[in-house]
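Number of protein chains: 2
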Amino acid sequence: MQGLCLENGRLTHKSNIPEPECRAGEARIRISLAGICSTDLEMVKGYVPDFQGVLGHEFVGIVDAVADSSDEHWLGQRVVGSINLGCGSCAVCLSDGPEHCPNRTVLGIHDKNGVFADYATLPVSNLLLVPDNVPDETAVFTEPLAAALRIREQVRIQPTARTAVVGPGRLGLLTGLVLSLAGTDVTMLGRRPASLELPAQLGLNTGLAADFADDSFDFVVEATGNGAGFAQALRLVRPLGTLILKSTYAGQVNIDLTKLVVDEINVVGSRCGPFAPALRLLARGELDPRPLIVGEYALRDGLAAFERAAQPGVRKILLRP
Amino acid sequence: MQGLCLENGRLTHKSNIPEPECRAGEARIRISLAGICSTDLEMVKGYVPDFQGVLGHEFVGIVDAVADSSDEHWLGQRVVGSINLGCGSCAVCLSDGPEHCPNRTVLGIHDKNGVFADYATLPVSNLLLVPDNVPDETAVFTEPLAAALRIREQVRIQPTARTAVVGPGRLGLLTGLVLSLAGTDVTMLGRRPASLELPAQLGLNTGLAADFADDSFDFVVEATGNGAGFAQALRLVRPLGTLILKSTYAGQVNIDLTKLVVDEINVVGSRCGPFAPALRLLARGELDPRPLIVGEYALRDGLAAFERAAQPGVRKILLRP
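Chains as they are written, first to last, in the working numbering: chain A, 1 to 321; chain B, 1001 to 1321.
Next up, chain A with everything else stripped away, as it sits in the complex:
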């Protein structure tokens, strides 16, 4: 089969990858559509240096094989799937789930081939059926939408909280839309006016981060994907406020911790979230992520797709095998 592989830090399109076989408990999925996210771009830059294999973790597809006969009802079903595979037996898996299992693999990120390919495999326990009224172009956003919803699992945000999302990119925009659903007044903050056009079209408040005074917000989400974003977000959060960190990237950041201590800021790292609520939002039509799509590429043109996705201001680029 074909696939986009990261090998020794270099991304290449290959046509001779062996088709994956289902292991016990697994399903094989024929990928219908996949999305490029910032983590994929960071991985090409070396964010997970030891990863070798097929990239990609945002997808929707059709189950075309299962290992166990008891899972045959999955055959032909349209699915999305959560991306962390825990060992299932350690204390972390049993108490907190697979997301923090020390022995986990992660689809397209950590020791497990991803979805920028014709086929991928996942345990059936990771799969969720996509409701018929959710088109592929919407369902492919389930994973990043779940990541945005993770914030609601971690902290309580008052609907009256002055809330900002720093970084109006792929994940930042979904986060702004999710936080707005509860009636919260959300301002999307960027560095350039052009980056604020789409958020404004989607009905969100917008502004240039530099135009806001220190301590302007009760609640700030950092989703810039770069180190400078942390200092900006910390500057904007008020004393006793909360700062959610959503960016993952390689590299160190120089931080003045004094404000964090003196102003008693609560900083919360935030990663993967719950798929079922994300699918419910999409099925009910409470949130439509499709305006984020700026282009769709055939998988064989994946390198061009990655180049495009890395351009400033480009949101979601999709890949179709």
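Because the hints were derived from the structure by calculation, they are not lab data. Think of the CB as a built atom: it goes at the ideal place given N, C-alpha and C, for glycine as much as any other residue. A couple of the hints might just be wrong.
Computed cross-link-like contacts, DSS-like style, restricted to lysine-lysine with a CA-CA straight-line distance of at most 27 Å [unchecked claim]:
1) 1259(B) with 45(A)
2) 14(A) with 45(A)
3) 1014(B) with 1045(B)
4) 259(A) with 1045(B)
5) 259(A) with 1259(B)
Heads up, incomplete: computed chain B residues facing chain A, CB under 7 Å, no partners named [stated by the list, open to error]:
6) 1125
7) 1253
8) 1257
Given the coordinates of chain A, assemble chain B onto it according to the supplied hints.
Coordinates of chain B only, in the frame set by chain A:
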């Protein structure tokens, strides 16, 4: 009167400071005993560059004057006092109290003369009566003990949580003692075996930080007072764990934020705490801070006292006017 003054970054003992006068709502306190804390040492190093005046914020003393006749019942009373003075009328004061008032002054730290002097003033609303069974040498610890208790206001710590305090210094030790009170298993971590002798004598578990594997603790308090402490504390906290920051110091720290996001760590800045619960602990004898005292100096020997307090491994140095 005499006092220890910070002027243009230099600490001097002066004998010709005008005695402070009570403003409306204030009491004047004759200082009986005061304590040097790490913040005082950091201030001499330039942590609050614009502060000019008498240093010091940990004290016990006797009220010897009040501005308002309605406050005369305070005269002759032995008191401690909280150190943040809010404007009392802004939204922050009305909702969160004076600790985060943007217009606040802070005793001996921010635009308000402190307690390393014969006399100091505070609003009577900041004062707390010291129970008769609490000696001065114990009462003088009320402020740092309150700061340790602040953690319990901010986060819930399961009694079963594997808990560590990195930095077995003045505040670190009080924090370890406070967290132990709920039956929690607390390990005091240091860099040198000598720093662990007192914590061990006080019945706390001890260890060298470097001897513990990554992710060893559910809950870690960073109380080292230096930048290297953050990285060590972050290394030791497990995925989904909590890291409390107690250190205030001047300077930037270089941080790898990846672990914070991927492991979804909760980082909580923590500063001043509640005085009444701290006094209750001391009055009930549930916690005796006096083993931390390593020396008492006359206020006129304050410079020598500061030198001693800055030595590695030295905990509480007291000053008696």
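Verification of the supplied hints:
1. Note on residue 1259(B) and residue 45(A): the hinted pairing holds, with a Cα-Cα distance of about 18 Å set against a maximum of 27 Å.
2. For a cut-off of 27 Å, the pair hint linking residue 14(A) to residue 45(A) stands: about 19 Å separates their Cα positions.
3. A C-alpha spacing of about 19 Å is found between residue 1014(B) and residue 1045(B), which places the hinted pair at or below 27 Å, so the restraint holds.
4. Only pairs whose Cα atoms come within 27 Å are accepted, and residue 259(A) paired with residue 1045(B) is accepted, the gap being roughly 18 Å.
5. For the proposed pair residue 259(A) and residue 1259(B), the alpha carbon gap of about 21 Å is at most 27 Å, so the pair holds.
6. Using the Cβ-Cβ criterion of 7 Å, the hint placing residue 1125(B) at the interface with chain A is not satisfied: the shortest such distance is roughly 21 Å.
7. Because the smallest distance between the Cβ of residue 1253(B) and any Cβ of chain A comes to about 6 Å, under 7 Å, the interface hint for this residue holds.
8. For residue 1257(B), the shortest C-beta to C-beta distance to chain A is roughly 6 Å, which falls under 7 Å, so the interface hint holds.
When the structure is compared with the earlier hints, a violation turns up for hint 6 alone.
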